[in-house]
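Each chain, written out:
Number of protein chains: 2
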Amino acid sequence: MRMAGSTQTVGNVKTQFFTFAEPPGELLLESGEKLGPITLAYETYGRLNDEKSNAVLVVHALSGDAHAAGFLEGEKSPGWWDDMIGPGKGLDTEKYFIISSNVLGGCKGSTGPGSTDPRTGKRYGLEFPIVTIKDMVSAQSRLIESLGIQRLLAVVGGSMGGMQVLQWMVSYPDRVRAAIPIATTLKHAPQQIAFDEVGRQAIMADSNWKDGDYYGGPLPSKGLAVARMVGHITYMSDASMAQKFGRRLKVEERPSKFGADFEVEGYLRYRGDNFVKRFDANSYLYITKAMDYFDLLAERRIQDVFGGVRARVLVIAFKSDWLYPAYQSQEIVRACKLAGVDATYCEIDSTYGHDAFLLEVEEETHLIRHFLRTAASNGDDERYGRASNGIRAQNHP
Amino acid sequence: MRMAGSTQTVGNVKTQFFTFAEPPGELLLESGEKLGPITLAYETYGRLNDEKSNAVLVVHALSGDAHAAGFLEGEKSPGWWDDMIGPGKGLDTEKYFIISSNVLGGCKGSTGPGSTDPRTGKRYGLEFPIVTIKDMVSAQSRLIESLGIQRLLAVVGGSMGGMQVLQWMVSYPDRVRAAIPIATTLKHAPQQIAFDEVGRQAIMADSNWKDGDYYGGPLPSKGLAVARMVGHITYMSDASMAQKFGRRLKVEERPSKFGADFEVEGYLRYRGDNFVKRFDANSYLYITKAMDYFDLLAERRIQDVFGGVRARVLVIAFKSDWLYPAYQSQEIVRACKLAGVDATYCEIDSTYGHDAFLLEVEEETHLIRHFLRTAASNGDDERYGRASNGIRAQNHP
Chain A
1 MRMAGSTQTV GNVKTQFFTF AEPPGELLLE SGEKLGPITL AYETYGRLND
51 EKSNAVLVVH ALSGDAHAAG FLEGEKSPGW WDDMIGPGKG LDTEKYFIIS
101 SNVLGGCKGS TGPGSTDPRT GKRYGLEFPI VTIKDMVSAQ SRLIESLGIQ
151 RLLAVVGGSM GGMQVLQWMV SYPDRVRAAI PIATTLKHAP QQIAFDEVGR
201 QAIMADSNWK DGDYYGGPLP SKGLAVARMV GHITYMSDAS MAQKFGRRLK
251 VEERPSKFGA DFEVEGYLRY RGDNFVKRFD ANSYLYITKA MDYFDLLAER
301 RIQDVFGGVR ARVLVIAFKS DWLYPAYQSQ EIVRACKLAG VDATYCEIDS
351 TYGHDAFLLE VEEETHLIRH FLRTAASNGD DERYGRASNG IRAQNHP
Chain B
398 MRMAGSTQTV GNVKTQFFTF AEPPGELLLE SGEKLGPITL AYETYGRLND
448 EKSNAVLVVH ALSGDAHAAG FLEGEKSPGW WDDMIGPGKG LDTEKYFIIS
498 SNVLGGCKGS TGPGSTDPRT GKRYGLEFPI VTIKDMVSAQ SRLIESLGIQ
548 RLLAVVGGSM GGMQVLQWMV SYPDRVRAAI PIATTLKHAP QQIAFDEVGR
598 QAIMADSNWK DGDYYGGPLP SKGLAVARMV GHITYMSDAS MAQKFGRRLK
648 VEERPSKFGA DFEVEGYLRY RGDNFVKRFD ANSYLYITKA MDYFDLLAER
698 RIQDVFGGVR ARVLVIAFKS DWLYPAYQSQ EIVRACKLAG VDATYCEIDS
748 TYGHDAFLLE VEEETHLIRH FLRTAASNGD DERYGRASNG IRAQNHP
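As they're listed, the protein sequences go chains A and B.
Once you know that position 214 of the first sequence is 214 in our numbering, the rest is easy, because the numbers rise by one and skip nothing.
Quick note, our numbering runs 397 ahead of the 1-based positions in the second sequence.
Hints listed in this document are in silico derivations from the structure and should not be mistaken for laboratory results.
For clarity, every value in this text was computed on a predicted model and none was experimentally measured.
Mixed in with the good hints there might be a few duds.
[As the list claims (entries may be wrong)] Here are the simulated lysine-lysine pairs, DSS-like style, with alpha carbons at most 27 angstroms apart:
(1) B:K584 - A:K257
(2) B:K641 - A:K250
(3) A:K257 - B:K607
(4) A:K187 - B:K584
[Claimed, not checked] Label-pair distances were calculated between CB atoms; the ranges are:
(5) A:G259 - B:G422: 38 to 46 angstroms
(6) A:K257 - B:L735: 30 to 38 angstroms
(7) B:T771 - A:G259: 44 to 52 angstroms
(8) B:E448 - A:K257: 41 to 49 angstroms
(9) A:K257 - B:A695: 19 to 27 angstroms
(10) A:K76 - B:E744: 45 to 53 angstroms
(11) B:L523 - A:G11: 34 to 42 angstroms
(12) B:P615 - A:R271: 56 to 64 angstroms
(13) B:G408 - A:E347: 49 to 57 angstroms
(14) A:G32 - B:N671: 33 to 41 angstroms
For every residue, glycine included, the Cβ atom is placed at its ideal position computed from N, Cα and C.
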């Protein structure tokens with residue numbers, strides 16, 4: 001069905017790669033270490049207008065990648081946010097130039113722990129430096145510059161993508177006209193850290209992990225699968241699991257005494273086993289750690305978090321999301337308001353849990369389409385001198 | 398401080414062991430398999446009165462054991478529910494004869510997968526049959542009989558203990574005068590199954606697990622520790638974690654790049670590492686599976702679940718418990734009401750999450766003390782011919 005509606009997809013796409021080529025060709029990381037050269041995988045959909053004012057950056061969650069829409073050669077499934085990106089969709093490729101960037105530390109074409117360290121000719125493994133959400137955004141800013149874009153119309157993302165959105169607002173206040181953080185938080189809370197830590201422990205408990213030095217040998221697949229299973233539970237809700245699986249038993253015969261009896265067990269195992277085919281365990285460690293370190297409130301008062309931010313903001317949360325509960329999104333709104341930032345809050349009544357940001361397409365389409373239209377026209381206002389920067393400046397003398 | 402108040406504890410205790418000695422000396426399990434001989438570890442506190450009418454059975458949760466109160470020789474920490482069991486406490490040992498029974502399938506003195514199979518002279522391992530909550534309760538009923546007790550004043554337990562309480566009501570309606578299921582459910586829901594399954598997968602992913610045949614060799618400690626860490630997250634709440642840990646960093650130096658930075662990580666690792674010293678990984682598999690199979694609603698209408706039950710019931714739930722949410726306790730109450738069973742519901746406003754059943758001592762003491770007093774005096778009524786069995790019988794012709 002999805003294939004049949006191909007006129008509504010962006011069609012065939014190719015992942016591209018951007019490598020910092022200009023000197024110094026490396027990034028000073030938050031940790032103080034330098035890393036380079038750095039490659040980011042990215043895709044673009046739609047066309048950049050002559051004014052270069054219609055660029056929207058899409059940033060992904062923990063296990064995402066640059067392939068957000070359309071079809072890669074030989075693949076039957078479209079990108080991870082294909083429902084939202086395309087002609088006439090929420091992120092309308094007939095109006096906007098969509099850039100989807102993979103994160104630093106990832107394993108889908110960008111520089112990460114599985115990349116070759118030019119100093120040694122070997123894979124980085126745990127020699128790869130700790131990277132943060134801020135570092136990821138710094139690298140993305142180089143990509144955006146390389147595309148000749150001074151200012152993004154918007155940055156959009158959910159979950160860890162939402163953290164990148166918030167970091168963009170803070171790190172590059174002059175380069176973001178609108179921001180859409182979805183199902184995210186100002187800082188990782190201890191329960192979120194705890195779930196990440198369990199995933200990391202599962203990976204590091206795998207005897208194949210070998211302190212991250214497993215490339216070329218057997219992979220820590222079992223540990224990574226367990227990490228992914230934990231993740232999937234947190235992405236759903238009690239209610240959505242009850243609706244999807246109930247206590248239904250699997251049809252297949254039990255392979256063993258502790259085989260998957262229940263459908264929910266089979267689902268988790270399937271998700272875990274699939275994930276290890278496409279994701280690097282070390283990247284899982286580094287990226288979850290980046291999320292855990294994320295804390296825009298660190299050593300700041302809440303009213304100062306978005307001081308100087310000029311973007312208008314649409315914050316979206318979901319009622320049944322217990323991993324990134326709505327109160328955390330409300331805290332983002334509060335921080336915006338206290339800083340005089342124009343923020344709108346929408347809480348979508350969904351039972352899908354955290355996964356809702358990928359599933360509540362209709363509601364998100366409606367919200368984002370309208371918001372981007374306003375942001376785009378507001379951008380025009382600004383060029384004609386009706387910007388409200390003066391007013392905002394009063395809030396941040 | 399706890400030691401100083403020794404007059405309020407039951408003092409020094411010893412774990413006892415009951416083995417089915419009479420023929421056939423074995424149990425027909427729900428699976429159809431027979432198991433025997435069976436030993437149950439148990440402890441008793443207080444004195445059984447001459448009428449044998451003051452016995453209260455305490456049943457434990459997943460990782461509990463028979464040692465619920467007082468001090469074992471050489472140990473500094475008291476039993477797991479010492480706050481509730483003792484002279485003048487909620488389960489008052491000056492009034493009641495408390496029996497605390499370990500579960501079948503466990504690893505703390507009762508027959509389980511780590512026991513020696515008399516047929517082979519080797520440890521059972523995965524040759525141990527699947528046991529259910531009903532099987533655990535069947536074994537306990539033999540223990541209660543062996544103590545000469547025809548009818549229990551009450552059965553009390555939280556979490557998996559609560560499932561045993563509900564099963565006692567259903568399996569032995571004439572032998573339970575009062576029941577206190579705490580923070581539990583009529584049936585394991587898919588989210589609960591999912592968390593258990595992740596724990597099992599973590600154990601089975603450990604290369605030391607060897608299909609359960611690890612006795613005498615290195616133990617699957619890393620996998621079991623991960624399972625326990627997952628468990629601990631689900632026992633707390635977002636709020637209690639925020640209060641207990643916040644984003645505070647550990648004071649110690651980082652042992653490595655993915656060492657424990659945050660206090661919450663250190664806590665989980667500590668809990669995980671401690672658990673493997675006292676618990677058998679195979680028992681973890683069997684007991685979680687017993688919980689997952691628990692379903693009093695299976696092939697029954699909700700009004701029939703407690704048909705014929707004569708106990709009066711006190712159902713306790715906790716507001717922040719998201720592992721066994723209050724709505725599941727409300728469903729127990731509903732099933733009681735529909736069957737004409739006298740049920741009282743109390744929802745305690747706690748931020749401790751599922752752990753609240755071990756921590757909200759003051760509230761529970763108040764509720765349970767009052768409820769047991771009423772149940773005990775009601776028992777007297779019954780002997781004097783003022784029982785309401787006739788009325789109840791009308792509900793279940």
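Could you tell me which of the hints above the structure violates, numbers in ascending order? 2, 4, 5, 11 and 12
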